[in-house]
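Undergrad: Let the sequences and hints guide you as you build the complete structure.
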Amino acid sequence: MDIKIKYFASLRDRMGRSEDQISFDNDNVTVADLWGKLSDEPISENILVAVNMEYTDTGHKLKNGDEVAFFPPVTGG
Amino acid sequence: MDIKIKYFASLRDRMGRSEDQISFDNDNVTVADLWGKLSDEPISENILVAVNMEYTDTGHKLKNGDEVAFFPPVTGG
Amino acid sequence: MKVFVTKEALDPYKEVQDHERSALPEGKHGGVVVFIGAMRDFNDGENVKSLSLDHYPGMTERHIEQVCQEAMDEWDVMDALVVHRVGEMVPADPMVVVAAWAAHRKDSFDACRYIINYLKERCEITTEGKKHWVEHNSEDPGVTERKLQKTA
Amino acid sequence: MKVFVTKEALDPYKEVQDHERSALPEGKHGGVVVFIGAMRDFNDGENVKSLSLDHYPGMTERHIEQVCQEAMDEWDVMDALVVHRVGEMVPADPMVVVAAWAAHRKDSFDACRYIINYLKERCEITTEGKKHWVEHNSEDPGVTERKLQKTA
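Protein chains in written order, with my numbering: chain H, 31 to 107; chain U, 31 to 107; chain L, 8 to 159; chain V, 8 to 159.
For the record, the hints were derived by calculation from the structure and aren't laboratory data.
Beta carbons: idealized from backbone N, C-alpha and C, even for Gly.
Please note: incorrect hints may appear among the correct ones.
[To be verified] Computed far set for chain L versus chain U, every beta-carbon distance over 10 Å: (1) F11; (2) D18; (3) K21; (4) E27; (5) E53; (6) D61; (7) R69.
[Claimed, not checked] Computed list of lysine-lysine pairs in BS3-like fashion (alpha-carbon distance at most 27 Å, straight line): (8) K21(L) <-> K9(V); (9) K56(V) <-> K35(L); (10) K9(L) <-> K56(V); (11) K35(V) <-> K113(V); (12) K35(L) <-> K14(V); (13) K9(V) <-> K9(L); (14) K113(L) <-> K21(L); (15) K21(V) <-> K21(L); (16) K67(U) <-> K93(U); (17) K36(H) <-> K14(V); (18) K34(U) <-> K93(U); (19) K113(V) <-> K9(L); (20) K34(U) <-> K56(L); (21) K14(L) <-> K36(U); (22) K21(V) <-> K14(L); (23) K56(L) <-> K14(L); (24) K14(V) <-> K21(L); (25) K14(V) <-> K9(L); (26) K35(V) <-> K14(V); (27) K9(V) <-> K56(V); (28) K14(V) <-> K14(L); (29) K35(V) <-> K56(L); (30) K9(V) <-> K56(L); (31) K36(H) <-> K93(H); (32) K21(V) <-> K35(L); (33) K9(V) <-> K113(V); (34) K56(V) <-> K56(L); (35) K113(V) <-> K21(L); (36) K34(H) <-> K14(V); (37) K91(H) <-> K36(H); (38) K113(L) <-> K9(L); (39) K67(H) <-> K36(H); (40) K113(V) <-> K113(L).
TA: Structure representation (structure tokens):
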């Protein structure tokens with residue numbers, strides 16, 4: 031299945047990019063599994079995650095075509 | 031001594047005029063004495079009084095040339 | 008601080024913009040809170056076709072300035088503007104505009120709300136409906152409680 | 008309710024006036040409270056020459072609308088407007104405007120303050136300074152306390 035990833039604010043700087051596109055062979059993938067593919071560092075407790083523009087947690091199970099966004103904890107304009 | 035009087039809001043309606051000018055022969059006149067000359071009704075506890083644009087009370091002693099204003103208790107715009 | 012009372016039609020947005028351009032340094036304030044009070048076509052369930060606001064020239068301005076100064080002493084406000092319309096007006100006419108500029112928005116909100124609240128209580132602006140005097144209750148529970156000195 | 012995010016220069020007074028004229032019935036609201044947030048030329052003691060605001064198209068608008076709806080459910084508000092600037096900007100540029108119209112001014116103040124406060128907390132608008140990410144503390148003790156549901 032195909033997953034689209036977006037990074038915001040300081041996370042974008044840390045990753046060095048604003049988006050990723052990843053394919054998985056199996057269907058049993060959580061947000062935490064996804065993060066494991068994206069970064070060598072463990073996911074911070076404070077990072078916010080949204081799947082298809084709704085906040086969720088790292089145990090959320092992904093489906094084909096999901097858009098996953100990661101935000102640093104507190105950001106404001 | 032000469033005293034100028036101004037009435038505001040519902041008090042103006044009650045008095046039927048917006049201003050008065052009164053002369054006294056003696057110098058020993060308080061706001062309460064002034065009111066006695068202006069109206070047959072006793073002054074209401076709630077009426078606000080200003081002498082020369084500063085709020086005061088009915089015991090305030092008047093001087094020649096003072097401008098006395100009477101306001102109904104609560105009015106707003 | 009700028010305070011005035013006018014018999015002319017009031018363009019509240021223009022007044023706020025003009026004051027900001029002429030009196031506020033660029034890039035120093037983080038926000039402004041503006042309250043605009045407009046005339047409604049009903050009051051206590053009755054239709055209102057026109058309204059006449061009366062004031063006490065001299066005392067009104069002095070008390071509005073005093074209320075603004077209190078707000079500026081209490082909160083970290085860079086500048087404040089109050090323009091009050093008086094005279095004859097019709098529904099939808101803007102009656103009053105209050106603006107408070109500050110580095111932080113909480114100060115702008117507190118100051119603006121304080122000013123409009125106490126302005127309604129103390130500033131000798133009186134309302135006459137077509138048929139009867141309208142006496143408002145200006146109570147606003149959101150304003151910081153503060154004992155009012157009725158004697159200036 | 009009208010909510011939008013724009014990369015164009017923001018004229019906050021025009022937005023509020025235009026919305027009032029097109030969406031509010033004449034003579035029905037007693038007041039409007041407007042908050043305009045502007046870019047300052049300093050932040051935490053450092054000079055700031057320019058700023059880039061980023062957002063998450065779709066999610067940002069949805070969450071701003073959600074915050075407005077919460078305010079309209081909580082207070083007696085007739086209408087609300089939020090326009091947020093994103094992209095590159097320089098000091099003194101207006102960044103955001105929030106307006107809340109109501110019959111009574113206390114509802115306008117409470118709703119406007121609630122919206123700007125929670126908008127800063129939840130709406131996925133992120134700030135990049137020239138050299139580093141600026142992370143704001145959006146705490147405003149004047150806003151009604153309310154438990155936030157992070158999961159929509």
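Undergrad: Each hint needs a verdict: does it hold in this structure or not?
TA: Results for each hint:
1. With 10 Å as the threshold on Cβ separation, the claim that F11(L) sits away from chain U holds: the shortest Cβ distance comes to roughly 14 Å.
2. No Cβ of chain U approaches the Cβ of D18(L) within 10 Å, the least distance being about 18 Å, so the stated non-interface status holds.
3. K21(L), annotated as away from the interface, keeps every beta carbon of chain U farther than 10 Å; the closest lies near 20 Å.
4. Against chain U, the non-interface label of E27(L) holds: every CB pair exceeds 10 Å, the least being about 24 Å.
5. Distance to chain U confirms E53(L) as a non-interface residue, since its nearest Cβ pair spans about 17 Å, more than 10 Å.
6. A cut-off of 10 Å between C-beta atoms contradicts the statement that D61(L) is not in contact with chain U; the least separation is 7 Å.
7. With a least beta-carbon separation of about 6 Å from chain U, R69(L) fails to lie farther than 10 Å from that chain, contradicting its non-interface assignment.
8. This hinted pair checks out: K21(L) and K9(V) have alpha carbons roughly 23 Å apart, not beyond 27 Å.
9. Distance restraint check for K56(V) and K35(L): the Cα-Cα separation of roughly 13 Å lies within the 27 Å cut-off, and the hinted pair is therefore satisfied.
10. Among the hinted pairs, K9(L) with K56(V) is inconsistent with the structure: their alpha-carbon atoms are about 30 Å apart, more than 27 Å.
11. Between the alpha carbons of K35(V) and K113(V) the distance comes to roughly 16 Å, so the proposed pair stays at or under 27 Å and holds.
12. About 22 Å separates the Cα atoms of K35(L) and K14(V), which keeps this hinted pair within 27 Å; it holds.
13. Straight-line distance between C-alpha atoms of K9(V) and K9(L) comes to about 32 Å, which puts the hinted pair past the 27 Å bound.
14. Straight-line distance between C-alpha atoms of K113(L) and K21(L) comes to about 24 Å, which keeps the hinted pair within the 27 Å bound.
15. Proximity of K21(V) to K21(L) is assessed by CA-CA distance (about 10 Å); at most 27 Å being required, the pair is judged to hold.
16. Note on K67(U) and K93(U): the hinted pairing holds, with a Cα-Cα distance of about 16 Å set against a maximum of 27 Å.
17. This hinted pair checks out: K36(H) and K14(V) have alpha carbons roughly 20 Å apart, not beyond 27 Å.
18. Between K34(U) and K93(U) the alpha-carbon distance is near 11 Å, which keeps this suggested pair within the 27 Å criterion.
19. A threshold of 27 Å between alpha carbons decides the hint, and for K113(V) with K9(L) the separation of about 24 Å falls inside it, so the pair holds.
20. Only pairs whose Cα atoms come within 27 Å are accepted, and K34(U) paired with K56(L) is rejected, the gap being roughly 34 Å.
21. Taking the CA atoms of K14(L) and K36(U), the gap is about 20 Å. The hint holds against a cut of 27 Å.
22. Of the supplied pair hints, the one linking K21(V) and K14(L) holds, its CA atoms being roughly 24 Å apart against a limit of 27 Å.
23. The hinted pair formed by K56(L) and K14(L) meets the criterion: a straight-line CA distance of about 18 Å does not exceed 27 Å.
24. Pair hint K14(V) plus K21(L) holds up; C-alpha atoms about 24 Å apart against a cutoff of 27 Å.
25. Under the criterion of a C-alpha separation no larger than 27 Å, the hint pairing K14(V) with K9(L) is inconsistent with the structure, at around 34 Å.
26. Under the criterion of a C-alpha separation no larger than 27 Å, the hint pairing K35(V) with K14(V) is inconsistent with the structure, at around 33 Å.
27. Pair hint K9(V) plus K56(V) does not hold up; C-alpha atoms about 31 Å apart against a cutoff of 27 Å.
28. The hinted pair formed by K14(V) and K14(L) fails the criterion: a straight-line CA distance of about 40 Å is larger than 27 Å.
29. The straight-line distance between the Cα atoms of K35(V) and K56(L) is roughly 13 Å, inside the 27 Å bound, and the hint therefore holds.
30. About 30 Å separates the Cα atoms of K9(V) and K56(L), which puts this hinted pair outside 27 Å; it is violated.
31. Restraint check for K36(H) and K93(H): the C-alpha separation of about 16 Å stays at or below 27 Å, so the hint holds.
32. A hinted pair counts as satisfied when its Cα atoms are at most 27 Å apart, and K21(V) with K35(L) qualifies at roughly 22 Å.
33. Taking the CA atoms of K9(V) and K113(V), the gap is about 21 Å. The hint holds against a cut of 27 Å.
34. This hinted pair does not check out: K56(V) and K56(L) have alpha carbons roughly 52 Å apart, beyond 27 Å.
35. About 24 Å separates the Cα atoms of K113(V) and K21(L), which keeps this hinted pair within 27 Å; it holds.
36. Pair hint K34(H) plus K14(V) holds up; C-alpha atoms about 24 Å apart against a cutoff of 27 Å.
37. The straight-line distance between the Cα atoms of K91(H) and K36(H) is roughly 17 Å, inside the 27 Å bound, and the hint therefore holds.
38. Proximity of K113(L) to K9(L) is assessed by CA-CA distance (about 21 Å); at most 27 Å being required, the pair is judged to hold.
39. As the CA atoms of K67(H) and K36(H) are separated by approximately 14 Å, the hinted pair is consistent with the 27 Å bound.
40. Taken as a hint, the K113(V) and K113(L) pair is honoured in the structure, with Cα atoms around 16 Å apart against an allowance of 27 Å.
Hints 6, 7, 10, 13, 20, 25, 26, 27, 28, 30 and 34 from the earlier list are contradicted by this structure; the remaining hints agree with it.
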